[in-house]
Amino acid sequence: MTFDVRLPIGLLFLAIGLLVAGYGAVAQPMAAGVNIDLVWGLVMAGFGALMLVLVALARKGDLPPPQD
Amino acid sequence: MSLGAVDWGVLALYLIFVLGIGVAAARRARSGADFFLAGRAIPAWVCGLAFISANLGAQEVIGMGASGAKYGIATAHFYWIGAIPAMVFIGVFMMPFYYGSRARSGPEYLRLRFDEKTRALNALSFAVMTIISSGVSMYALAKLIQTLHVFDAPFAHLGLPQAWIFHGAILTSALVVLVYIYAGGLRGAIYNEVLQFFLIVAGFAPLVWLGLKQVGGWHGLEASLGPTYTHVWAGMGHATTNRLGVDWFGVSMGLGFVLSFGYWCTDFLVVQRAMAANSMSAARRAPLIAAGVKMFVPFLVILPGLIAIALTAAPDRASAAHPVAVAGAIQQHDPGVIPVKIDAATGRPMLDARGRPQLDYDLATPNLLLRYFPTGMLGVGLTALLASFMSGMAGNVTAFNTVFTYDIYQAYIRPKADDRHYLHVGRLITAVGIAASVATAYMASQFNNIMDLMQLVLAFVNAPVFATFLLGMFWKRTTGHGAFTGLAAGIATAALHHGLTLPVDNLTGIKGGWIAVTHTYPSEMAQNFWTAIWAWSVGFAVTIAVSLATRPKPAEELVGLVYSMTPRVEAERGAWYMRPVVLGVIMMVGVIVLDVIFA
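Protein chains in written order, with our numbering: chain R, 30 to 97; chain G, 1080 to 1678.
No lab work stands behind these hints, which were simulated from the structure alone. Computed from a predicted structure; not experimentally measured. Wrong hints could be hidden among the right ones.
Stated by the list, open to error - Facing chain G, according to a computed beta carbon distance under 8 Å, are these residues of chain R, among others:
| no. | residue |
| --- | --- |
| 1 | 32 |
| 2 | 34 |
| 3 | 38 |
| 4 | 41 |
| 5 | 44 |
| 6 | 52 |
| 7 | 58 |
| 8 | 61 |
| 9 | 65 |
| 10 | 73 |
| 11 | 74 |
| 12 | 75 |
Said to hold, decoys possible - Here are the in silico distance ranges between beta carbons for each label pair:
| no. | chain 1 | residue 1 | chain 2 | residue 2 | range |
| --- | --- | --- | --- | --- | --- |
| 13 | G | 1529 | R | 57 | 31 to 37 Å |
| 14 | R | 85 | G | 1240 | 48 to 54 Å |
| 15 | G | 1181 | R | 86 | 32 to 38 Å |
Unchecked claim - A short list of chain G residues far from chain R (calculated; beta carbon distances all over 12 Å):
| no. | residue |
| --- | --- |
| 16 | 1195 |
| 17 | 1227 |
| 18 | 1292 |
| 19 | 1318 |
| 20 | 1428 |
| 21 | 1555 |
| 22 | 1589 |
| 23 | 1595 |
| 24 | 1643 |
| 25 | 1665 |
Ideal Cβ positions, reconstructed from N, Cα and C, are used throughout, including at glycine.
Given these sequences and hints, build the entire structure.
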């Protein structure tokens, strides 16, 4: 099976996203009126999760990996 | 501002993953083709993202922010006219010859098409250029990290002198890049570049969002900065009516044609990414996919500069060089995001020729990041900076090890060894190249002028190269003697033009005019563009003249190397969105729409 770079991207974004969002939820740091840690942490985690879903679908054979 | 535990956590996660990808790629780096060409097995979208990521180094991110602050959104010319058309051209027209010739590098294509001396000139200058540029950007990164003062507290805590922050930054980044390229070769570099690309977006997109929110959106920027900052084409009719100091002809010919095509269509650093693709079709689509993403990069890297200047009361805002004065005084914000440049020797603010304090534009983006990112996001922002630096450096290192191993070592030092030997040499030379970059970084910190001089010389060498590739690929009559002489004449012209002209408000010397000042340009950028235009034109003309006077290669040797001698790629199959020509047209329309919106 070929190496799917979406796997490490998904895992890393999920990990960083949850870490930063978790900190944001607890410490509530505000920047320009936004709890940017919480908001952007969730965005990053969501992107990571999406990558992992794509990897899982590709492995099940439901979707072809974007080989070409 | 100091780093919290969360920031350290983010940085650590990044480093673990980057190294992990290198190790994972190592299992598949068993031959020279694996190590130097990533086994020619990479999907198009991965190559495409690596194509832009390798170019999106820290100097690009910082430099484009600085230019955004200095010149405004017109900096986007470096993308919309200075990259996209060339990326479309290489994908549609040139990639069939790079990929189809089975050459393993840019210089090797020149040997197949022309001769040994043309390859040697190109390979040697390219090898030196990659080391210098990775060394200089390593220096810039280390200097920046020191200036940001985010590591001051932890270093003080450990009882280490502040100067070690500089050493620490250089050694850490060099070691990490060394490990993942040594282990995984080009494949390790490319997969990491894709990861790094997403991290750069993740770090800068929220910065732009918060910044725009603060200045009242795009309309707020327009209101506070005035039209010279927020339009790309306004005032381009004449060099004195826009902030760049260049007219539309200089921009389209110098930047849009010579410099842009010279970089995106011939620089092996980017071309190597597309050549690693798993098929001809994928290789052609890689630069086109890259173009589709690249046209939006200005919003990520240039906008922070505009936001930063809007939050700084610039002393030269309504600069006298530009008659279109900015209407309305700008509200003075606290210290301002962009600080005044301080002379390291005297500790006093540096003044320009008119006695006004100069701003340190390079700090525009980094300072904005410090201002808006709290603990947590600060780690994400620093990771983005580090990711951009590493992707740029890895691009240089992988291009260097390939060109050195195949075009210098195999060509002139040890021609007939087995594949294992070259793989071994490739790994060794990766370490040597990175060590040389580190040495260059320290040289840059000691002798700034020497580095400027070397970069200048390399710019001369590079200026006419596109004429060589263009004629080589599309005119079968071009000869090796023609190519070599044209290249040499172009280099000489670039040097001569630089020696005879000077940008306004500059002293003769490294900035030009070292022979005699026969012409003064309104800006350094104008001088650069015109140096390139002259070098290319003379190179082009001399290549043609000498080719006509010398004997061409027999036609049958040019199959696969020259347009008219190569059977057309068989009728494109597959869905419309897989066809290079269709994609190329879409990208060109897209970039025209962007130009119209921001005209």
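Given as non-interface: residue 1589 of chain G, partner chain R, CB spacing beyond 12 Å = Holds, because the least Cβ-Cβ distance between residue 1589 of chain G and chain R comes to about 41 Å, which exceeds 12 Å.
ask   = Any Cβ of chain R at or closer than 12 Å to residue 1595 of chain G, or is the non-interface label fine?
value = For residue 1595 of chain G, whose nearest Cβ neighbour in chain R is about 53 Å away, the distance exceeds 12 Å, so it holds.
message = Hint validation: residue 58 of chain R versus chain G, beta carbon distance must be below 8 Å. Holds or violated?
response = holds (3 Å)
query = Per the stated criterion, does the least C-beta distance between residue 1428 of chain G and chain R lie above 12 Å, as a non-interface residue requires?
reply = Consistent with the label, residue 1428 of chain G stays out of reach of chain R, its closest Cβ about 29 Å off (over 12 Å).
key: Per-residue hint verdict: residue 32 of chain R, partner chain G, C-beta under 8 Å   = It holds, given that the least Cβ distance between residue 32 of chain R and chain G is near 6 Å, below 8 Å.
query = At the C-beta level, are residue 1529 of chain G and residue 57 of chain R separated by a distance inside 31 to 37 Å?
reply = violated (50 Å)
ask   = Is the Cβ of residue 1555 of chain G farther than 12 Å from every Cβ of chain R?
value = holds (32 Å)
ask   = Should the interface hint for residue 65 of chain R be scored as holding, given a Cβ-Cβ cut-off of 8 Å against chain G?
value = Because about 5 Å separates residue 65 of chain R from the closest Cβ in chain G, which is inside the 8 Å limit, the hint holds.
query = Against chain G, with CB atoms and a cut of 8 Å, does the hint on residue 73 of chain R hold up?
reply = holds (6 Å)
task = Classify the label on residue 1227 of chain G as holds or violated, using whether its beta-carbon is more than 12 Å from each beta-carbon of chain R.
result = Given a closest Cβ separation of 17 Å, the condition holds.
key: Non-interface claim for residue 1643 of chain G versus chain R (Cβ beyond 12 Å)   = Answer for residue 1643 of chain G: holds, closest chain R Cβ roughly 29 Å.
query = Holds or violated: is there a CB of chain G closer than 8 Å to the CB of residue 38 of chain R?
reply = Result: holds, 5 Å to nearest chain G Cβ.
The structure fails to meet hints 11, 12, 13, 18 from the earlier list, while all remaining hints are met.
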